[in-house]
Structure formats: structure tokens, C-alpha cells
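Make a model of the complete structure from these sequences and hints.
So the sequences go chain by chain: A and B.
This note's numbering puts the first residue of the first sequence at 1, with every later residue one more than the last.
This note's numbering puts the first residue of the second sequence at 1001, with every later residue one more than the last.
The set of hints was computed from the structure by calculation and includes no laboratory data.
Note that this is a predicted model, so its numbers are computed, not measured.
Each hint should be verified, as a subset may be incorrect.
Label pairs and their calculated CB-CB ranges [stated by the list, open to error]: (1) B:1478 with A:243: 45 to 55 Å; (2) A:142 with B:1564: 48 to 58 Å; (3) A:299 with B:1635: 52 to 62 Å; (4) B:1670 with A:187: 49 to 59 Å; (5) B:1529 with A:74: 38 to 48 Å; (6) B:1550 with A:268: 33 to 43 Å; (7) A:335 with B:1671: 29 to 39 Å; (8) B:1550 with A:225: 32 to 42 Å; (9) A:160 with B:1253: 49 to 59 Å.
Under the rule of at most 30 Å between Cα atoms (straight-line distance), these lysine-lysine pairs were calculated in the DSSO-like manner [to be verified]: (10) B:1294 with B:1513; (11) B:1210 with A:54; (12) B:1518 with B:1292; (13) A:193 with B:1106; (14) A:54 with A:96; (15) A:38 with A:96; (16) B:1106 with B:1471; (17) A:193 with A:352; (18) A:157 with A:357; (19) B:1471 with A:193; (20) B:1471 with A:157; (21) A:76 with B:1210; (22) A:96 with A:76; (23) B:1513 with B:1292.
We put the CB at the ideal spot given by N, CA and C, even for glycine.
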Amino acid sequence: MNPKTYLRRAALGLVTAVSATLAMVAMASSQGIDLKGKTVEWIIPFSETGGSAKWANFYAPLLSEALPGSPTVVVKFMPGAGSTKGANWFQNQSYKDGTLIFGSSGSTQFPYLLGDPRVRYEYSDWNVVLASGTGGVAYLPPDLAGMMNGLDASGLKGTDFIYGSQGATRLDLVPLLAWEMLGLDVEPVFGIKGRGDGRLMFERGEANIDYQTSSSYLKGVTPLVEAGTAVPMMSWGALDASGNIVRDPTFPDMPTFKEVCDATPGCETSGEQWDAWKAFFVAGFPAQKMVFLPAGAPEDAIATYSDAFEAVKARADFAEISMGRLGVYPQMTGAEAAGALASATQVPESAKAFVVKWLLDRYGVSL
Amino acid sequence: MDILSVALPALGSAAGLILQPIVLGYLVLGVVMGLCVGVFPGLGGIAGLSLLLPFMFGMDPVLGLALMIGMVAVVPTSDTFASVLMGIPGSSASQATVLDGFPMAKKGEAARALSAAFASSLFGGLIGAAFLTLFILVARPIVLEFRTPELLMITVFGLSMVGILAGRVALKGIVAAGLGMMVGTIGEGDSSGELRMASYELPYLVDGLKLVIVGLGIFAIPEIVALLRQDRAISERSVLGGGWMRGVRDWLANAWLSVRCSIIGVVVGVIPGLGGSVVDWIAYGHTVQTTKDKSRFGSGEIRGVIGPESSNNAKEGGGLVPTLLFGIPGSGSMAIFIGAIALLGSGNIEVGPSMLKNNLDITYAIVWLLALANVVGTLICIGASGGIARLTTIPFSLLAPFLFMIIAFAAFQSGQDLMDLVALFVIGFLGIMMRRFDWSRPAFLIGFVLSNPAETYANQAVQIAQSRFRKGFAEGIDYIFSPIVIVLIIITLISIVVGLRQAKMIMAEGAVKSGKKKAPMIFLLAVLAYLLISFVDASLIPDYAAADRVFPRFVSGVAIVGALILLVQMIVRPESHALFADRDAGGNREDVHGLWSTLAWFAGLLVLTALLGFILALALFLFAFIHYRAGRPVVFAAAYTGAGIVFMCFMAWLLNRDFPPGLLQSFADLPWPLT
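Right under this line is the structure:
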């Protein structure tokens, strides 16, 4: 980045920060809600160990500082049925005084998209105030990675791949479908409790292909790569402003699945299969985690929270403190967040139909 | 060895990190908090650490670690109080301590049991810390050797402990373990997500039953109800008695046992996923196997206290190995520990492989803190024991509602769901019946705990092995029969043979006389009916989800065969046979109250909660129970109720929990805590 751009960005950041602060001051005095002396409950429909917990624990103290009246923000875990329990519970809550927010994840979005019978929640009833993106990286043992010819993955055909999976209808749908499009014969071993278990299976040599979301990759797999026991294969990529898949800014040196697919004979980056993969990637990664106010929240409450998250993003040290914990991904508020929500929860009917049929044919899962 | 040249200076600088007054102050604070959490039955390290989580963000790493390690290390020491004095496991890691510790307290030897337990705990904790130091240097390659077949064999080894705990009729123990495993399979299958004995109409069962609820229901509730029916204090005479030094001498005399059990604790703790719920049983099983005179187990054998208590503190040191080295939590509390470390400082400490490289001094600071916390914890426990022990002189009818309140709170602390209380009641009833007819409750619990790992590892091992066999026969065999697996198979076989031979000598829950045929037979038929229904239920799972069908069908099949043989034996054998053990036979003279009227009180609490929400229901229950059942004046009952409600609200406020709402709350909007 040249110095001029840098300066411009810094200036822009400063302006945003000042305007956000001003906006907040204005809010607090006029129509915004004041949460002084209150306790905001942030419901996370997962257990204390997962990525959503890390994400919420990162934001909670910052949000507390940024909200008018500096309320206490506590993260409350309500795990069950792969997050559908907590989401169903949140659906039944109505807006009271702005002290209840909900954090959803890709695992909340997928059952919703696929029409899981347990889903009793409706995203369009809720009010989004923050959308956080992430990415994912697939990796291989060095001997298998050596069988790839540059970006061409056809050398991997004919190898028996074992992959530790949490379930074909979860986020694992994205890697499983991607590998299948490349012509790889990947057999998922179900029943693992988290992606960390999948990595351990890879480390033990029982699994020979794996993927991790960005933050877990940075922490768990980078040391393996440095030790020479794992080689990154590809990232899922990131979305640019016009909805194209580009290189993941956290891993700029890594090819995306799109590049690998383009270079591999038999893998098409257009058509029904590709559209389905892309639709579910968009639903699962670029807007993976979102914060919602319950149904019936008034405009000023939504504005108060949007501004608070805006103020968090505008902190001078935000880039520094978020880098190690969230990675370099967009943290969207306002209209951007609403756009992200729309693209994450509205998958074309054809893509859905394709995935439902694929799940039935390939894994015998009837939805 | 270059490891040593790096490790030794790190060990020194770690000592420098923690030997500061402020760090030690935080450590003591953590220990005191852990003590409070551990004393209450059902609340363990998970609840305690969740309580600390909000304070961790941005805290100085060493101070935060001191606070957390202090808490984690003392829980297995302080939970001994509940196990020994009240007969209720203070946490899942001290279930086995109840078997001999509680009978000792009833005999007036509480001080002896406690001091032996504390000495063992201290020793175990120090062994755990010492092993952690070594393990950090050498463990990584060893732990990576544990693949799925090895994990499966460790699980099977855990199940083989059923043999020794089966009681006088081995077959009853096996059926009990099978029933426990079947209860463990309730809910969504791990492989294909098929439902077993559950329905989407009843979302509660989809996630399966939680260990807290099954543990409390099977162990705590039957004991509380039994004591309540006798209506007297737990121990009538001078509570702790003397014998503090005697307990320490007991421990010294069995120091070798303590060493072995500590090592068992470390090793089991190292294996991720197995966690602390089985370590005490394995240690107890080992203790029984290696004791010459087995007649005293279950009625107050000091070795039965020393074994489990040595192992459950040692396990914390072991549990830190996978946690720190791989970022894989070995237990529920370690999972929260990982989350908390991420919050410390500016978030630049990450557990996992990079920890040893980048933060070796912090890693060793954790080791030192663990050792120190064990010493401090033991000292404080001894100092506070007099006060805590006075609890046992209180007439039980005054203590029981309080205990029941705590248990109910512990049961719904993760779900905030009325169904938690219903499940607690149902499992509690099963526990009462198993206790009455002398079915092994430890066997049931081991089955329940190991059901999920056994199924998951079995499915995964089969799937991976198939893939290996496709590559070549030799590769498949190599995978399944690794040296570790073969050693584990041999140990398991020895354990089963020795266990079954000795099981008849142990009255795990005291001698039980035999009664008439009818009642034990009805219970057996009920168990058989459940097993048959779940067999049919599992068989209905379609082919594409076969992985979710095989395990429940196999286990229930074995248990059904066992139950049928028992049925035939019952028809053939005379009434005096041990098969017909029945605690209620011929009217137990100690029982003042009937079973059904005692249960009705708790059923009443359940119904009231469904109508009015937990807090209002609890207030009514406490007042009515103290006034009518315990026969205290209105003023006393009102004060008791007030204190109980305030305490409950304080705990809920501290842990940031809500109470389950009832019908009333859906009509009226009430302020917390009534919501």
C-alpha cells in the first residue's frame, strides 16, 4: 500500500470515527435508547468452546463501552440441536427494552435454507445490526499436495480421502461439494464434535484432507505448515463488492477454489453445480456470524446498536486487536449488514433443489 | 537434548512469574471461589469457570491464570465434603468417593475419611503437576499415537470396570450397564442425525440427557429420598470425630496405592474426550482389585476413599496436557479454560501446538500454579472442615429441601428448561428403584458416560479401517491392531476376569436382604420392556443411516438377552436368592415415611413449577415442607424459605441464569427472578 492511500485511509477512518462519535452523542441526547445501568444479554446458541463464543467474547466488552450508558454486556450460551434450539427460542422473544440480542452463525443459516424440520425461526422477522465475515482453507498432507500439478487437482483422483466431518448438512457441505466437483473421492467420517477434532484426526494421520475456518487455520494449522506436516490446498475465497469470488485478503498468496476448479479438467465454474456451491458458500462464509435484535425492535434501538458496532469498528486500535482474533474480514453494519443478510438467507430455489437432491443421492439424507 | 536446554530456563523464569504477592493473592482468591463452588453438589469446575469468564478480558495473563488454575485445582478437593458428609457426589469426579466415604461418615469417622481424602488429593495434585511437567516435554508424540482404535479400546477398558462394580449378581450389573448405554443413546445419532427414542415434537430429548442430570438423578436423589424417609440427621453423634492424624497415617500406609491411582488419573486425564467422569471409577476398580480383604468395600473401607481421591486431582494435571498441547479440551471445564485463555491479555496467547514454542514460560507457570493451588486448597479445606462438617448434624428433613433446591438449580443451569426438572425426577425414580432392588448404579452411570464415545469411536474406527483395508490387508491390520491396542486388550481381559471373580465379595452399597419375588420381577419386566421398545425403535432406522442403528441395536440386544436369562432365573430360583434383593422388603424399621408420600412432595414441586415458575413454586414448596413435614413453626419456615430464595437468587444472579417459567409467566409479565 503506498503512503498516499494509507494517508487517505487513515483520514477516512478518522472522519468515520468522529462522525460516528458525533452521531452517537446526538443519538444519546435525542431519539436513541439509553441502556444505563442495564444488562444486555447476548444469546449465543452454541457452547462455550466454538468460534461463535470467541467472536462474541471479543465483541462483548467493546460493545459495552460503545453503547450509550455503557451497560454490562453478558454472553449467554444456549447450545442445543446445532443452534436451532437457541434460534427457536429467540424467535419467540419480542422486543422489550433493547437488552436482548442474538448471535447467529452459518450453522443457524444452513438448516434454515435447507428446510430442516426443526427450524421454527424466520430470519426476516429479526433486525440485523452486525454481520461478520470469515473464510476457510482446505489443506493436505505434503505427499498428497505434491500430487497436484500446479493448480490442477486431477493428480489427486483415485486417492481414497478420509475427512472428519460434523455432518453433511452443516457448513461441511461447502468443502464436501467443492472436493466432489474437483473429482476427489472423499469419504466423510461423521460424528466429530468440532473442527478441532477434525484437525486432530488429520494430525494423527487418520484423515488425509481437512478444512478449517480462517481463525482456526491461523492458530491450529499454520504451525503444522511451518513444521512441514500440512500444505494448504486452497481457500474458499472472499466476495468483492460486485459479488465475484476473489482471493481471501487474509490469505492473499493462496489460490481460491475457483482458480483450482478452473485449472482442473472436469470442474466447471459455471452451471448448476457451481451456482449451488457459490450460493451456499455465500450463505456460509462472507456473512457467517450476525447479530440480531428481536422481532418488533423500533428504529431507534436498531440505530443505537448499529452505531455502537460502527463505533467499535472505528476504534483506533480495532485493526490491531481484531486481526489476531477475527482475521481480516469485513465487519458490516447498517445497509451493508442488511445486504449481507439478504445474500446469506436467500438462496436461489434451483441451488437449494440441487443441494437437497445431492444430499439425498450422495449421503442418503432426506430433508 | 536441546529440549532440556530450553525447558530448564523456562521453568526458572516461570517460577519468577508467579512468585509475586499479587499473583499468589489471585491464586488464593481462585481457590476460595473454587472451594465454594465445589462444596455444593452438582456444581463443579464448569460452573466456576463460567463465572470467571466475563472478568478475563484484558486481564494480565498470569493473574488470570492464577485465578482460574486456583479454581480448577481445588474443585476435586473440596467436592469431597459433599461426597463424604452428605453422600452426594460433589462433582462428577468424586462419585466413587461416596461409596466408602459416606459409610465412614455415618460411622462417625468423617474426619478420618476427610483427612485421608485431602492427603490423597494433595498428593495426587502434586503428582499431576509433576507429570504435566514431564509430559509437556515428551507427550506430543505419545498422544498423537492415540488414534481412533486406541481411543475405542480405552473406552472399552472403562466399560470393563462394570465387571468389578456389578455387585452380587453379575448379570444384573451387565444389564444395568446396558440400560445406561441405551439411555446414553437417546437423541440424535452422531453419525447421521437419526433420532433414537426421541421425536422432534419433544425437542428436549433430541440433544440427549445431560450427565449432570443423570448423575444427580441416579446417585443424589435416591440418597436424599432414603435419608428423608428415615427422618434423622446424617450422623447423629459428634460429627467429624477425631482421627485427623489417623487419616493421614492411613494415607501413608497406602502411599503406594495413592501413587498408582495418581498415575491412573494422569493417564486417563490426558486422553481427550474421556474426561473426569470415569477416572474415579477406574481408580476405584483398581483399588478393589488390588486389595486382599474386599469385604469392607461399600461399608467404609479407607482405601476406597484414597484411590479415587488420588486420581481425581491428578487428572487435572493430565487434562491440561491435551488442552495446552493441542487446544483439545479433555473435559468440560478445560473447554471453558481454553475460551478464557483466549480472552487474557491482548489475546496473543493461544493454546495449541504454538504454545510450547512461543509461551513456554506461561506453560510452566501453569504447572507451578497447579501445584501451588493444590497445596493452598488442601490447607484451606482442612481449616474450613469444622464449619462445613457441622452441616451433617442438622436433621435431614431441614437439609433435604435445601439440597433438593441446589440439585434442581444445578440440573437446569445449562438448559433453563422445565424439562430438566422432569428428566431429573424420572431418572431419580429409576435411581430409587435401582437402589431398592440392588442393581448397580455405578454400572449404569459408566454405561451412560461411555455410551457416546463407544458408539462414535466404533463407527469411526470401522469406517477408517474399511478404507485402510481397501488399500491393503496389511495396512488395515496394522491400523486396528497397533501395539497400544494389543496391550489395552490384554489389560481389559485381565480386568474383566479378575473383576467378575471378585465382584461377589463387594457389597458396593451395603448388604441387602432378599424379599418376595413380585416387586423385583416387576422392575425387571419394566427394564426389559424399555429395552425391547428401544430395540424396535433402533431397528426402524432406515438403511442409509445404518451407522446410527448398529450400536443401539447391538447393546439393547445384549441387554435383552441378559434380562431374559435373569427372568428365567427369577422364575426358577427360590425367594431367598440374592436375585430378589429388595431394601423395602418386610418394612424397613428405619423408615418413618413411605416412599410414595416422600416422592409426592417433589412431584408437587414439579407441578407447581409448571404452573407458577420455579421461584414461586420453590417458595411454596420450602414453606410447606418445613412447616408440615419437618414440623417447624410458621416463623421458622418463613425464615428458612426467605433464606433459601435469597440464596437461590444470589447464585442465579452471580452465574447469570434465569429460572424455568411456568404457565403463569405466559399470562403475566413478572420482574426477575420470577420471569
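- Which of the listed hints are broken here? Hints 12, 13, 16 contradicted; others consistent.
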